[in-house]
Amino acid sequence: MHPHIPFMIAVDGPAGAGKGTLAKHLAEVYDFAYLDTGLLYRAIAYEMLQNGYDLADVQLAEKIAGSLDPATFKESALRDEAVGGAASFISAYPGVRAALLKFQRHFAQHPPFFKKGAVLDGRDIGTVILPEAQAKIFVTADLEIRAKRRFKEMHERGIESRYEAIFEEMQSRDLRDEVRKISQLKPAEDALIIDTSHLNIEEVFLCAQDFVSEKLKTSL
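For the sequence shown, position 9 matches number 9 in full-length UniProt numbering, and the numbering has no gaps at all.
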């Protein structure tokens, strides 16, 4: 790996597939900086919902995106399913994506705390944000399994929810992510695809680590 070029890992996939868990694990294993790019969109959506703004107000969403301060994020508040649905809605706005593009790329190309690499997870990291990433992973799973995981996660956090509502919301988000005109949810051509439907966490971790470690060797 060139001393002045950070190693970048792009982890993409739909909601509930396990990309966040995997990305955080990889960042810890390799001591890389970590960015959950979905939180950027969720923060915009959260501000609009909290203030009663119309989610269809494209110009306002773009304005908020342009002045976003990640230091003000209250992650627990951003994890609500309604916020996730709203984030998926506004993430289709080209102006919002453009406003956040520079921030995401700068984070990866100049990792904070003098880290030698960065791990970003989202829906278009390997295809749009960091097409030059040395390691790209696309994490997926069956919709029913993803919905059950999210339902269990919310129950454990004490958040009241209905499985049916979560399933329908995820189904709608999948459709929006797959058919939108920009930054569609799809694996990069050179991405490792991991279907976590019938794998446990350790198996997913090992599969991804083997892939990343091999990429690291060729980058030295």
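Hints may be right or wrong, so weigh each one.
[Stated by the list, open to error] Derived EDC-like pairs (lysine to aspartate or glutamate); straight-line CA-CA distance at most 20 Å:
| # | residue 1 | residue 2 |
| --- | --- | --- |
| 1 | Lys215 | Asp190 |
| 2 | Lys181 | Glu164 |
| 3 | Lys102 | Glu164 |
| 4 | Lys217 | Asp190 |
| 5 | Lys24 | Glu75 |
| 6 | Lys63 | Glu47 |
| 7 | Lys217 | Glu132 |
| 8 | Lys115 | Glu28 |
| 9 | Lys181 | Asp195 |
| 10 | Lys148 | Glu168 |
| 11 | Lys116 | Asp195 |
| 12 | Lys115 | Asp36 |
| 13 | Lys152 | Asp142 |
| 14 | Lys186 | Asp36 |
| 15 | Lys24 | Asp210 |
| 16 | Lys74 | Glu168 |
| 17 | Lys152 | Glu169 |
| 18 | Lys116 | Glu203 |
| 19 | Lys116 | Asp210 |
| 20 | Lys152 | Glu132 |
| 21 | Lys116 | Asp36 |
| 22 | Lys181 | Glu47 |
| 23 | Lys148 | Glu160 |
| 24 | Lys116 | Glu168 |
| 25 | Lys152 | Glu75 |
| 26 | Lys102 | Glu132 |
| 27 | Lys116 | Glu132 |
| 28 | Lys148 | Glu62 |
| 29 | Lys152 | Asp190 |
| 30 | Lys215 | Asp142 |
| 31 | Lys148 | Asp195 |
| 32 | Lys24 | Glu160 |
| 33 | Lys148 | Asp174 |
| 34 | Lys148 | Glu164 |
| 35 | Lys74 | Glu132 |
[Said to hold, decoys possible] Label-pair restraints from in silico Cβ distances:
| # | residue 1 | residue 2 | range |
| --- | --- | --- | --- |
| 36 | Ser67 | Tyr163 | 32 to 42 Å |
| 37 | Val58 | Asp210 | 26 to 36 Å |
| 38 | His4 | Leu199 | 19 to 29 Å |
| 39 | Lys217 | Ala71 | 33 to 43 Å |
| 40 | Ser172 | Pro94 | 36 to 46 Å |
Simulated from the structure, these hints should not be mistaken for lab results.
All C-beta atoms, glycine included, are put in the ideal place defined by N, C-alpha and C.
So, going through the hints one by one against the coordinates:
1. Lys215 / Asp190: 12 Å, holds
2. Lys181 / Glu164: 28 Å, violated
3. Lys102 / Glu164: Given that 20 Å is the threshold and the Cα spacing comes to 37 Å, the pair is violated.
4. Lys217 / Asp190: With a Cα-Cα distance of about 17 Å, the restraint between Lys217 and Asp190 holds, given a limit of 20 Å.
5. Lys24 / Glu75: 15 Å, holds
6. Lys63 / Glu47: Distance of about 12 Å is within 20 Å: holds.
7. Lys217 / Glu132: 17 Å, holds
8. Lys115 / Glu28: 11 Å, holds
9. Lys181 / Asp195: Violated. Lys181 to Asp195 sits at ~25 Å, over the 20 Å cutoff.
10. Lys148 / Glu168: 12 Å, holds
11. Lys116 / Asp195: 28 Å, violated
12. Lys115 / Asp36: Answer holds: Lys115 to Asp36 is near 16 Å, not above 20 Å.
13. Lys152 / Asp142: Judged against 20 Å, a Cα distance of about 16 Å means the pair holds.
14. Lys186 / Asp36: Given that 20 Å is the threshold and the Cα spacing comes to 18 Å, the pair holds.
15. Lys24 / Asp210: 16 Å, holds
16. Lys74 / Glu168: 26 Å, violated
17. Lys152 / Glu169: 15 Å, holds
18. Lys116 / Glu203: 26 Å, violated
19. Lys116 / Asp210: 19 Å, holds
20. Lys152 / Glu132: This hinted pair is violated, its Cα atoms lying about 36 Å apart.
21. Lys116 / Asp36: 18 Å, holds
22. Lys181 / Glu47: 25 Å, violated
23. Lys148 / Glu160: 14 Å, holds
24. Lys116 / Glu168: 40 Å, violated
25. Lys152 / Glu75: 18 Å, holds
26. Lys102 / Glu132: 15 Å, holds
27. Lys116 / Glu132: Within the cut-off at roughly 16 Å; holds.
28. Lys148 / Glu62: 33 Å, violated
29. Lys152 / Asp190: 33 Å, violated
30. Lys215 / Asp142: Not satisfied, since the Cα-Cα distance of roughly 28 Å exceeds 20 Å.
31. Lys148 / Asp195: 16 Å, holds
32. Lys24 / Glu160: 26 Å, violated
33. Lys148 / Asp174: 15 Å, holds
34. Lys148 / Glu164: Roughly 10 Å between the alpha carbons, so the hint for Lys148 and Glu164 holds.
35. Lys74 / Glu132: 31 Å, violated
36. Ser67 / Tyr163: 32 to 42 Å: 37 Å, holds
37. Val58 / Asp210: 26 to 36 Å: 43 Å, violated
38. His4 / Leu199: 19 to 29 Å: 36 Å, violated
39. Lys217 / Ala71: 33 to 43 Å: With a Cβ separation near 36 Å, Lys217 and Ala71 satisfy 33 to 43 Å, so the hint holds.
40. Ser172 / Pro94: 36 to 46 Å: Given range 36 to 46 Å: violated, Cβ gap about 20 Å.
Checked against the numbered hints given earlier, the structure breaks hints 2, 3, 9, 11, 16, 18, 20, 22, 24, 28, 29, 30, 32, 35, 37, 38 and 40 and satisfies all the rest.
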